[in-house]
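Starting from the known structure of chain W, arrange chain R on it as the hints suggest.
Listed below, chain by chain, are the residues.
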Amino acid sequence: MITVENLTKKFGDVTAVEGLTFQVEEGEVFGFLGPNGAGKTTTIRMLCCLISKTSGEGKIADYQIGKAADSLQIRKMIGLVPDNVGLYSDLSAFENLDFYGKLYECPEGRRRENIERFLKMLGLWERKDARAGSFSKGMKQKLALARALVHEPKILFMDEPTANLDPESAKTVRDFILEIKKQGRTIFLNTHNLDEAQRICDRIGILKTKLVTIGTPEQLRESLSRPKTEIRLAQVTEALVSALRKLIPNKIEVSGDKLIIDVTDPDKENPTIIAAITSTGGQVREVTQLVPTLEDVYLQIVKETK
Amino acid sequence: MRISKAWIVATKDMRVFLRKKYAVYSLVLFPLIVGIGLPLVLRFVGARQGGLSSTRLPILMNAFSFFFLIGAAMLPTLLASYSLVGEKIEKSLEPLLAAPITDSELLLGKSIASFIPPVGAIYISSIVFMALANLVTHNTLGYSYFPNWTIGLILLLLAPLSAILSIEWSVIVSSRASDARAAQMQGTFIVLPLAAIYVASEVGAISLDTRTLLIISAVILIVDIILFYLSTKTFQREEILTKWT
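Residue numbers (numbering that gives the first Met the number 0), protein chains in the order written: chain W, 0 to 305; chain R, 0 to 244.
Hints in this document: simulated from the structure, not taken from any laboratory.
Wrong hints could be hidden among the right ones.
Away from chain W, derived, C-beta distances all over 10 Å, residues of chain R [unchecked claim]:
hint	residue
1	Ser25
2	Ser91
3	Thr101
4	His137
5	Pro159
6	Leu213
7	Leu229
8	Thr231
Straight-line C-alpha distance at most 20 Å; calculated DMTMM-like pairs for lysine to aspartate or glutamate [as the list claims (entries may be wrong)]:
hint	chain 1	residue 1	chain 2	residue 2
9	W	Lys75	R	Glu237
10	W	Lys153	W	Asp261
11	R	Lys19	W	Asp128
12	R	Lys19	W	Glu94
13	W	Lys75	R	Glu104
14	W	Lys66	R	Glu237
15	W	Lys136	R	Glu89
16	W	Lys302	W	Asp261
17	R	Lys90	W	Asp261
Predicted, not measured: the structure shown is a model, and the values here were computed from it.
Where is the CB? At the ideal position from N, CA and C, for every residue including glycine.
Only chain W is shown next, with the shape it has when bound in the complex (with noise of 0.2 Å):
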């Protein structure tokens, strides 16, 4: 659904985005990872040609990006969540949605059926006909999202739908992305939040002007984090790790009264690492296999390409 092929854009001397290659498939939820300034906005506006490309090539479905005869065609089939949710609040919840609805060419009964649907789904139907500018900031997001599905496009992109919001209307926004997820749409979402690409995410890229690493959440873990053992003690020493460093090549971090302990092959070596313990006086209360959590890996990658 999505192609982009060594993509590049310079805003002057300064590249925001770097020779970028991925696919989104049809009815996928993907995923972009990245600090302030890593470029997932101007990746989201290059796709939904807003802004033009310096280089390379990108494909929504069948049209070309940066084409001015296919921009229109790919602005049809796309909907936005920006990061500003850039409503009028002038106008009512409703006639935000109608106006938009209007501009994509949804007819109108449709377009009444779908604005009663997502704010009843998002629940706003209640305060349909109040001033969108009266509303609070979770409302607004949940406004903008209702936005940018009111004419059921086949393609939703959201440049972090759920910065600054409270947890209970970021759960709301979630689960929302969550319903339509289901209904097979694709869904290109930049984020910060790690347990959101996580829990939602069918894939994640992580970006810092240039794509550092694409996959699911699951390879994105096994690939780039070393497993490591938690050992709860009853007591630790600087004596007691003094003496287990010289017994055990492993890098060793202590954590109060736990030692969290770097391993290549947990069943090997876990054994060994016990024995070590023990055998310096170490009394052994716990002892836990540490999965690896996309915020390791992320903040592992992150911190490689400074």
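Just chain R, lined up with the frame of chain W:
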């Protein structure tokens, strides 16, 4: 270009304007001041001892007619400048530009929204003005002065051309400005040449007869065409989007 798309933008913008107090006040105050105020001036000046002579009255009424032209140039700047800068303030340009609408459809929509309410207000106030002016001057002149060629040219030719001029100028100014008030301030500069013509007619340097009004119309039309070209060149969606958001 699809007019239907431009009309969707225009109706949305007009709805927004009607909810902005300053826009409503401007659109209501102008007809009140010009449509009712100017005939009242004629009435009270005429009622003074000596009053206004039948030779002085037509000159004064032609000069008053010119106010509609100044109004047609001034009122649209208030709306046109907000129309674009308002999108900037609301940060609503990104979703709007992501919709299937071309720059020319968007600009046409915004121009229609900035054109219809002020020109409508001018026409309503001109009808009121002509009726009241005829009422207070009929006895002195012995006939109804309005309608005549002068006000006909002003309302049907010069006022729409001046409104278009002012909208195009506002689009250019707004594309560069970041603040609605600054854009409105710069937008109102367009009134200055028209005010200069008015002053010139008052001091007798020019006469606002049919021939002069046609020449002024031709000049405004040429400037309109030039500004249309410049306004479409100035509205660069990528530049506006990256600078405004």
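Hint by hint, where does the structure go against what was stated? Just the numbers, ascending. 2, 3, 10, 17
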